[in-house]
Amino acid sequence: MKTARELVSSKFVRIGEAHSTAEAIGIIFDPDESSLREIVIVVLDGDGGYTGLVEPRNILESLGTELSLAGEDPSAQVAAIRRRLGSPVSEIARRDVPPATLDDNLASLLAIAARTESATIPVFDGGNFVGVIPVTSVFEAICKITLSSAGDELPFRGGADAS
Amino acid sequence: MITAFMQSGTTQFSQFPSFLAGATRYAKHDLKSDAMAGLTVAVMGVPQAMAYALIAGLPPIYGLYTAIIPAIIAAVLGSSNHLCTGPTNAMCMVILSLTATLPERYGASALQIVLLLTLLTGIFQFAFGALKLGGVVKYVSNSVVVGFTAGAGILIAANQLKGLLGIHIPDGTSGHFLVTLWVALGRVHHANPYALSIGILTIILLVGFRRWIPKVPGSLVAIVFLSLVAWFAGWSENAMGDQRLRIVRDIQPITPSLEIFGIPQMLLQPNLGLFQELLGGALALAILGLVESTSIARGIAASSGQRLDFNREFMAQGAAKTLGSFFSCFAASGSFTRSAVCYQSGGKTRAAAAFSGVFTAIVLVTFGPFANYIPLACLAGIIMVTAFTMIQRERLSMTWRSGSNSRIVMIGTFLSTLFMPLEIAIFAGVMLSIGILLRVTGKPDLTQLVQHPDYGFEEVPFNRAAPAPVAIINLEGDLYFAAAEDLDYELLQALKPETRVVVLRMKRLRAVGSSAMAMLEHFSKMLRARGIHLVVCGVEEDMNRVLTGSGVRKLIGEQNIFYADNRIFQSTELALARAMGIVEMQRARMEAATVDAQKLTLVATTAADVMQKRCLRFGEGHQIREAMWLVSQFQKRMMTEHPQTVFLQDRDGKLGSEVSVAAILKHLAGSLPEEKVSEVDSAKLGELVGARLYASTDSIARHDPVALRAEAPLAEAFAKAARHGFRPMPVSDSHGRLVGVFDELAMLRGLTKLLQAAREQLEGPPPAEARGEQPPPVPLT
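Order-wise, the sequence lines are chains U and Z. According to this note's numbering, the first sequence is numbered sequentially starting from 26. According to this note's numbering, the second sequence is numbered sequentially starting from 17.
Wrong hints could be hidden among the right ones.
[As the list claims (entries may be wrong)] Cross-link-like lysine-lysine pairs, in silico, PhoX-like; alpha carbons within 20 Å at most:
| hint | chain 1 | residue 1 | chain 2 | residue 2 |
| --- | --- | --- | --- | --- |
| 1 | Z | LYS692 | U | LYS36 |
| 2 | Z | LYS700 | U | LYS27 |
| 3 | Z | LYS736 | Z | LYS700 |
| 4 | Z | LYS652 | U | LYS169 |
| 5 | U | LYS27 | U | LYS169 |
| 6 | Z | LYS541 | Z | LYS570 |
| 7 | Z | LYS364 | Z | LYS48 |
| 8 | Z | LYS700 | U | LYS169 |
| 9 | Z | LYS629 | Z | LYS570 |
| 10 | Z | LYS523 | Z | LYS459 |
| 11 | Z | LYS682 | Z | LYS692 |
| 12 | Z | LYS700 | Z | LYS682 |
| 13 | Z | LYS670 | Z | LYS652 |
| 14 | Z | LYS682 | U | LYS169 |
| 15 | Z | LYS769 | Z | LYS629 |
| 16 | Z | LYS692 | U | LYS27 |
| 17 | Z | LYS736 | Z | LYS769 |
If you're looking for bench data, these hints aren't it; they were derived computationally from the structure. It should be emphasised that the depicted structure is a prediction, and the values quoted were computed from it without experimental measurement.
Based on the sequences and whatever the hints tell you, model everything.
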């Protein structure tokens, strides 16, 4: 039976609560490639304890909100963004993502994934944060057990495009 | 302190009534065995006691007294069941060393000086026990004891050459090893042939009995036999002239009397100068006696399984000497040979040692006059054999093989014993041990940790780890002022050109003080000057307190400190993750700094300029399982873990609706039971969700997707995104056909461009650092 233990990933970066939003963007955004690094940011408190998750969407929400509040004035826009970039990352961390434990089975993970809009589920073991499970991994695991009979060559009744 | 002393003493001796309480029960079981063991010890110990008195420079009778009173007192008050207290060779040698020249200088008898020394020694030992300072003996290492014992053995043997040869050596040369040896060897040609014969025969008999008939007390047989030989041959008669054999009576006749109580004369007629001179020696003698007694008691207890109370033993030894000095006894100690014989002869309780004292007294009263005829050469032979047994080859060899530090201490103590006053030799050995200990602990253990993907961390020698952005240094041991000296510069050796972060693991560090904090502060500053971050982990409560108090905690930064946890390496793992985060941030910053400025000038103003063209398109009316397959394949091919949205188009290519991964998961989760989800295994889950896979995507699709026009300005795009929770939005052309997606990446790109445009409009300087400690990296600025 597949459990969270098999799906848990260490593809995340931990930073402290005091770090700025700018630093979080520095981790996620790859300006050279003009792409997003698929890294989850885990925010830790001073004792190394889990505080919350930061995903690109959380950053966008905060920046976008500041920007929209600033109106049309360019100087106000720049000031608003600067203010947001310098503020602690803990202000935008999501703390409400339902957690999983290492022993949760796939059904439990599906139930958790369905309850959250986050792309990542934090995983704990005995109260200690141990890693994350991307929601897509849960999705993939379910595809594996339900679509296995069809295999990769699932016949379509229509066209598909991934351009 | 005095109150504590008294209270402690009261507590210690409050246990003694138990000795009496168990007496009745004792008599039935152990009396016979203890009496037999006591008799055996007395028979074996009487010749030894007389001989050892000679080592101390006193008449043999005082050796007998010392084998009676201290033996009984120490047995009654002590805790070891088998420790026999009485004269010992090492103690006697130190007594001689301390007092040899004093009678001439202070005009007092050697006996009275020795009794004062014994009293002071007893007081010291009693105080050690009462104040629970039993730990003082732990500073005398095995190497010191072995070196001292071997040196003392040689000194004793050298001092007894005169007795063995039957020659006279002037006063004032005793205790000076080389002088004694030189003078004795220089007078070999004056050796008394009868004395030499008796001495050599004694040695032969002792060695022979010990080797072939160990159960028979060889010394007693030798004394009785050779005394009779000398008496019948008339070798001790005055008629022998210069060749006369000297006997015990010549020093001081032994009288069969126990009227030995008397207040030491030096208490009645105190001499401050003498008192001051003896004080240091008494302390050395007290420590030597305690080391001797506790090591013997501990050794036998290891076999008997008895648990010892060392503080009580100290008090008992102190009381034995203090009270013994009022009964003409010199400083006694636990005797290894007598204690071993007591244990091997079946002694069960402390009464056995007490019986040995009683039987010695009986021997004194009964056979005392006969002891007067024992040749001194016979006693010298006994001492010679004992002296050479003090050079314990096995223990010397073991200490020699135990490393250079043990060797240095042993040889240092051995040489000190031979060439320095004995009381100083002990302290010299102790100081040498402590000096070497400080040298060893003056450098904490430095290693490096390397993370291994399969089994956590691997420990490698310091400065041997492969170059990496994160250097994990493991610091263990003592970090007191000497150890902290120059440690910061040594730590720098672990840095490589690739190093960006140093993780300092500080678990199990001891004796951390201000020097260590100063070192850490300096190290932190040196790292900062090199653009390297410092992260510390394994910080325990004591270290945390020192870090906080010294202000170094603030310097390092709370986010860079990880506290020790019960789970091994947990704080190291967290610190490493933090370090990797810093490395990643620095990399991102560097990359941001090298972004081609030209790129930023290509400011786009519409959604089409920043949108992602790659997106999932699908026809309407498909089953959910088909959409799932499509998403799954897309994710595999694009190697992405980002949840995708499938945009559904009609036959004309117009955007109709959208299905997100979240919507699919919600749909499937609807098949789960409300309770006991944890009991649903994979097979059951397959069955439950399987039924829902064949539903149409239309049933879960969002039919009114918020779409963006391709030509929509960014400001409009962001306003729309903000209204809809910054979810990915499809971008369509003027015909309503899907051309791309305004997803998170597109939004970030758009934000960058918006800000760039705003900055250009303002022509302002680049934004200041968001935080004083670390400049903001950001492409957005």
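Structure-based check of all given hints:
1. LYS692(Z) x LYS36(U): Roughly 30 Å separates the two Cα atoms, so the pair is violated.
2. LYS700(Z) x LYS27(U): holds, 12 Å
3. LYS736(Z) x LYS700(Z): It is violated: about 42 Å lies between the C-alpha atoms, which goes past 20 Å.
4. LYS652(Z) x LYS169(U): holds, 12 Å
5. LYS27(U) x LYS169(U): Given pair LYS27(U), LYS169(U) holds - Cα atoms ~11 Å apart, limit 20 Å.
6. LYS541(Z) x LYS570(Z): The given pair, whose Cα atoms are some 13 Å apart, holds under the 20 Å limit.
7. LYS364(Z) x LYS48(Z): Holds: LYS364(Z) and LYS48(Z) sit about 10 Å apart, inside 20 Å.
8. LYS700(Z) x LYS169(U): Within the cut-off at roughly 14 Å; holds.
9. LYS629(Z) x LYS570(Z): Violated. LYS629(Z) to LYS570(Z) sits at ~48 Å, over the 20 Å cutoff.
10. LYS523(Z) x LYS459(Z): holds, 16 Å
11. LYS682(Z) x LYS692(Z): holds, 18 Å
12. LYS700(Z) x LYS682(Z): Holds, because 18 Å separates the two Cα atoms, which is no more than 20 Å.
13. LYS670(Z) x LYS652(Z): violated, 27 Å
14. LYS682(Z) x LYS169(U): holds, 17 Å
15. LYS769(Z) x LYS629(Z): holds, 18 Å
16. LYS692(Z) x LYS27(U): holds, 16 Å
17. LYS736(Z) x LYS769(Z): holds, 17 Å
Hint violations for this structure: numbers 1, 3, 9, 13, all remaining hints satisfied.
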